[in-house]
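There are 2 protein chains.
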Amino acid sequence: MKSIQLAIVGSVGIDTIETPTEKRESILGGSASYACAAASFFTHPGMVGVVGTDFPSAFRSIWENLNIDLQGLQTAEGETFRWSGIYEKNMDNRRTLSTELNVFETFSPELPESYQNAPYLFLGNIHPALQLHVLEQSNNPKFVLIDTMDLWINIAPEELKQVIAQCHMLTLNESEAELFTGEHLLAKAAKKLRALGPKHVLIKKGGNGSILFSEDDIFLLHAYPVDHVQDPTGAGDTFAGGLMGALAASGKTDTNAIRKAMLYGTVIASFGVEAFSLDQLIQISSSDINQRITSLRKMIQI
Amino acid sequence: MKSIQLAIVGSVGIDTIETPTEKRESILGGSASYACAAASFFTHPGMVGVVGTDFPSAFRSIWENLNIDLQGLQTAEGETFRWSGIYEKNMDNRRTLSTELNVFETFSPELPESYQNAPYLFLGNIHPALQLHVLEQSNNPKFVLIDTMDLWINIAPEELKQVIAQCHMLTLNESEAELFTGEHLLAKAAKKLRALGPKHVLIKKGGNGSILFSEDDIFLLHAYPVDHVQDPTGAGDTFAGGLMGALAASGKTDTNAIRKAMLYGTVIASFGVEAFSLDQLIQISSSDINQRITSLRKMIQI
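These protein sequence lines map, in sequence, to chains A and B. All residue numbers for the first sequence refer to numbering that gives the first Met the number 0, where the first residue is 0 and numbers rise by one. All residue numbers for the second sequence refer to numbering that gives the first Met the number 0, where the first residue is 0 and numbers rise by one.
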């Protein structure tokens, strides 16, 4: 059995999602689920998360079929985290309708022994104290990516800064970068964020792509232009998970390797939004991915 | 004297602009002014527009110093077109405070003889009937770019379609593309727009860059990441003007040449927004431009 090269911690949830044209109830969601599914095309990722005793075995099978390692997945007495949201007009605006933390409320993420030496670690969006707790269990990881959200920036900025200082790359969306730094222009915001410690800052711009700010350079990448979006939930996690999977598979951590990994993250995310939950990610093959990679490369070269 | 390779028709105005931090009164503006200034780094563009008898000679000198040809500039009895607007919060939202058409109301653009054989033609954003009138005076142009706006899409869609059908490239911003086609996703909107006739559709995404949709391919280009924006007015015109100037200088019209020209347009626009009016464009040199071109190329390559 291959050792775990990439551990991913995050939320696992059961989502109910409404778009302008459709509604899906109780579908598989959560940042760890999206990110692991995306990473699974490149490596055998280990999932660190928690589900309740109500968690459907069919959902677990989806992960197993994707060859995701579930040793780090805890099952706790109670109900699984649930979230429901609605996308309004053109999917541009998402409104949360309800959040039930359930077993997530008392979650303490633990790295199984087999994950502790994983050289790549993705600290998905959970409370920074929990991210720090995971990081402390990791043995000298080669590359740690941390994601966060407005909630933690608002209520736990000091803990967040403490864990960010120990990571190699921080990823945020545009509005979170502005919230965190008070800077509207990304070049300025990224400078302040890099000053917190991470070598790389990766700003997610949704349908407008992403920008990697490193010490001496910047990499600008558009999103892959899809002609159908069914559900954008989890796109950021899919992007980051695909990126970390591809990076782990490369064994590298240099800027050029990150650029290439961003291409993969972008392509996986483009598939992800074409269907609800992991519905499209479980359909596609490596050749579908490589086809879009070739096509994306052509779209950005000059 | 070199013959005119690029004629640019558009508005010439005197603007009053307020940003969250500054207010400038009666500064030089208008789509033809911005586009010609941008194009002037690559070619000797001919400006087609109208000013009133009140138009300051100092503004005319700015254009002359940029080596813009003014044979196509009419002076009409009355006052110059005036526009005033305010940028709210982070420059993201622009509100028009007043528009005085003045001499622009009865403007009939005429191509001087020396512009009639110009192989490149940029029909800036004016009434489609006037754009058509200009196109009819042009002798078999090699490449015509047309820009437009929500107003003409709403009040003169049939005339607009008629002139678009005769152009090689159409440029619009995202919201205009959606308004015109009813499609939110750019890939779908561009398909419908290309069906109107133009070989290329160039969607402007402001700070998020631009996308070129051609028959068989797509080119995705981010904006140049500036760390200072003083006034975004005219950025779209500067982008398009720089693009057309660079394309005219190349003598080509193929997709690869357009891609390269987009880099130039992007860089010129990045300078333009760093100051009000043409204040930054009259300061920079070719070497400043080439430096950012080199830097932008590094930011997009993989």
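Hints listed in this document are in silico derivations from the structure and should not be mistaken for laboratory results. Cβ atoms here follow ideal geometry from the backbone N, Cα and C, with glycine treated the same way. Honestly, I wouldn't trust all of these hints.
To be verified - Pair ranges (Cβ atoms, derived):
(1) A/K191 x B/E99: 41 to 47 Å
(2) B/R59 x A/D215: 40 to 46 Å
(3) A/A164 x B/A194: 26 to 32 Å
(4) A/K190 x B/N66: 36 to 42 Å
(5) A/G181 x B/N289: 46 to 52 Å
(6) A/D226 x B/L100: 53 to 59 Å
(7) B/N64 x A/P156: 46 to 52 Å
(8) A/N139 x B/K297: 28 to 34 Å
To be verified - Under the rule of at most 35 Å between Cα atoms (straight-line distance), these lysine-lysine pairs were calculated in the DSBU-like manner:
(9) B/K141 x A/K259
(10) B/K198 x A/K190
(11) B/K141 x A/K88
(12) A/K251 x A/K88
(13) A/K198 x B/K259
(14) A/K297 x B/K22
(15) B/K22 x A/K204
(16) A/K160 x B/K204
(17) B/K88 x B/K141
(18) A/K259 x B/K198
(19) B/K141 x A/K141
(20) A/K259 x B/K160
(21) B/K191 x A/K259
Violations among the numbered hints, reported as their numbers in ascending order: Hint check: 3, 5, 6, 9, 10, 11, 12, 14, 17, 19, 20 fail, others pass.
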